[in-house]
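Taken in order, these protein sequences are the chains called Y and Z.
Take 1 as the starting number for the first sequence in our numbering and just add one per residue.
Take 1 as the starting number for the second sequence in our numbering and just add one per residue.
To be clear, the hints were calculated from the coordinates, so they are not data collected in a lab.
Note that beta-carbon positions come from the ideal geometry of N, C-alpha and C, so glycine has one too.
It is possible that part of the hints are untrue.
Listing some non-contacts, in silico: residues in chain Y with all C-beta distances to chain Z over 10 Å [unchecked claim]:
#: 1; residue: Tyr35
#: 2; residue: Gln41
#: 3; residue: Gln44
#: 4; residue: Leu95
Heads up, simulated DSBU-like pairs for lysine-lysine below, C-alpha to C-alpha not over 30 Å straight-line [claimed, not checked]:
#: 5; chain 1: Z; residue 1: Lys42; chain 2: Z; residue 2: Lys79
#: 6; chain 1: Z; residue 1: Lys45; chain 2: Z; residue 2: Lys79
#: 7; chain 1: Z; residue 1: Lys45; chain 2: Z; residue 2: Lys2
#: 8; chain 1: Z; residue 1: Lys79; chain 2: Y; residue 2: Lys13
#: 9; chain 1: Z; residue 1: Lys42; chain 2: Y; residue 2: Lys13
#: 10; chain 1: Z; residue 1: Lys42; chain 2: Z; residue 2: Lys2
What follows is a list of derived Cβ distance ranges for each label pair [claimed, not checked]:
#: 11; chain 1: Y; residue 1: Glu54; chain 2: Z; residue 2: Pro10; range: 31 to 41 Å
#: 12; chain 1: Z; residue 1: Leu108; chain 2: Y; residue 2: Thr9; range: 33 to 43 Å
#: 13; chain 1: Z; residue 1: Asn22; chain 2: Y; residue 2: Leu39; range: 17 to 27 Å
#: 14; chain 1: Z; residue 1: Tyr70; chain 2: Y; residue 2: Thr14; range: 36 to 46 Å
#: 15; chain 1: Y; residue 1: Asn59; chain 2: Z; residue 2: Asn65; range: 40 to 50 Å
#: 16; chain 1: Y; residue 1: Ile12; chain 2: Z; residue 2: Glu3; range: 23 to 33 Å
#: 17; chain 1: Z; residue 1: Gly9; chain 2: Y; residue 2: Leu83; range: 24 to 34 Å
#: 18; chain 1: Y; residue 1: Glu54; chain 2: Z; residue 2: Pro14; range: 28 to 38 Å
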Amino acid sequence: ETGVTQSPTHLIKTRGQQVTLRCSSQSGHNTVSWYQQALGQGPQFIFQYYREEENGRGNFPPRFSGLQFPNYSSELNVNALELDDSALYLCASSLVLAGGSEFFGPGTRLTVL
Amino acid sequence: RKEVEQDPGPFNVPEGATVAFNCTYSNSASQSFFWYRQDCRKEPKLLMSVYSSGNEDGRFTAQLNRASQYISLLIRDSKLSDSATYLCVVNWMDSSYKLIFGSGTRLLVRP
């Protein structure tokens with residue numbers, strides 16, 4: 001069984017640029033969620049995808065967008081990067097649409113200069 | 001009021017000690033509850049789900065009090081390897097799905 005994988009592991013961008021982060025869900029999982037974790041904080045829910053549709057969204061501006069593909073992998077896109085976007089971005093997959101526990105990937109550490 | 005609140009700690013305890021963490025949540029429509037463990041610079045990992053009847057997994061016991069909107073985690077006979085940040089997590093559906101993490105409680109177990 002393959003766990004959740006994310007790429008890249010680290011990324012450095014400058015303000016105003018755009019970034020795409022990628023996630024492959026755990027084998028058999030059809031739901032993917034994305035989180036932003038700033039240093040010293042718990043993960044903040046960005047959004048969740050189920051069957052290629054956004055199923056829920058946290059308090060993040062529209063410049064945070066995502067996609068889910070038929071194989072359940074997912075992308076997180078962030079436009080017009082700001083310094084405060086520097087964080088660990090975590091992808092998590094689950095089998096149950098809502099109410100189930102989630103399994104996290106190792107994350108992508110994004111630094112915005 | 002934060003949606004999920006935890007004491008940030010750190011809790012600094014000797015090996016073998018018993019330590020308890022508490023967590024409160026604001027949304028009475030919350031449906032599922034979990035404790036996750038996060039080691040430094042690693043991803044969160046599910047420690048255990050929390051049920052109304054309470055549940056135990058080895059040295060770990062979780063309790064849920066829906067009336068008080070309160071969740072607890074008890075760790076008995078602490079090991080050095082228990083040193084980590086413990087995240088309280090609440091899941092609810094309002095207009096859409098949300099999984100809300102607390103900021104975490106840091107545990108340091110000393111020899």
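Right, here's what the structure says about each hint:
Y/Tyr35, annotated as away from the interface, has a beta carbon of chain Z within 10 Å; the closest lies near 8 Å. The non-interface label for Y/Gln41 is inconsistent with chain Z: the shortest C-beta to C-beta separation is roughly 6 Å, within 10 Å. Not every CB of chain Z is more than 10 Å from the CB of Y/Gln44 (nearest about 7 Å), against its label as outside the interface. The claim that Y/Leu95 is not at the interface with chain Z holds, since no C-beta of that chain comes within 10 Å of its own (minimum 13 Å).
For a cut-off of 30 Å, the pair hint linking Z/Lys42 to Z/Lys79 stands: about 19 Å separates their Cα positions. As the CA atoms of Z/Lys45 and Z/Lys79 are separated by approximately 18 Å, the hinted pair is consistent with the 30 Å bound. A distance of roughly 23 Å separates the Cα atoms of Z/Lys45 and Z/Lys2; the hinted pair therefore holds under the 30 Å criterion. Proximity of Z/Lys79 to Y/Lys13 is assessed by CA-CA distance (about 40 Å); at most 30 Å being required, the pair is judged violated.
Restraint check: the Cα-Cα separation between Z/Lys42 and Y/Lys13 comes to about 22 Å, which is no more than 30 Å; the hinted pair holds. Straight-line distance between C-alpha atoms of Z/Lys42 and Z/Lys2 comes to about 24 Å, which keeps the hinted pair within the 30 Å bound. Remark: the range hint 31 to 41 Å for Y/Glu54 to Z/Pro10 is upheld by a beta-carbon distance near 37 Å. Here the CB-CB span from Z/Leu108 to Y/Thr9 is close to 27 Å, at odds with the stated 33 to 43 Å.
The hinted range of 17 to 27 Å is satisfied by Z/Asn22 and Y/Leu39, whose Cβ atoms lie roughly 24 Å apart. Between Z/Tyr70 and Y/Thr14 the beta carbons are some 45 Å apart, a value that agrees with the proposed interval 36 to 46 Å. A C-beta distance of roughly 27 Å is found between Y/Asn59 and Z/Asn65, which places it outside the suggested range of 40 to 50 Å. A hinted range of 23 to 33 Å holds for the C-beta pair Y/Ile12 and Z/Glu3, which are about 32 Å apart.
Between Z/Gly9 and Y/Leu83 the C-beta distance comes to about 28 Å, which sits within the given range of 24 to 34 Å. In this structure, Y/Glu54 and Z/Pro14 break the distance hint of 28 to 38 Å, their C-beta atoms being roughly 47 Å apart.
Hint compliance for this structure: hints 1, 2, 3, 8, 12, 15, 18 are broken, all remaining hints hold.
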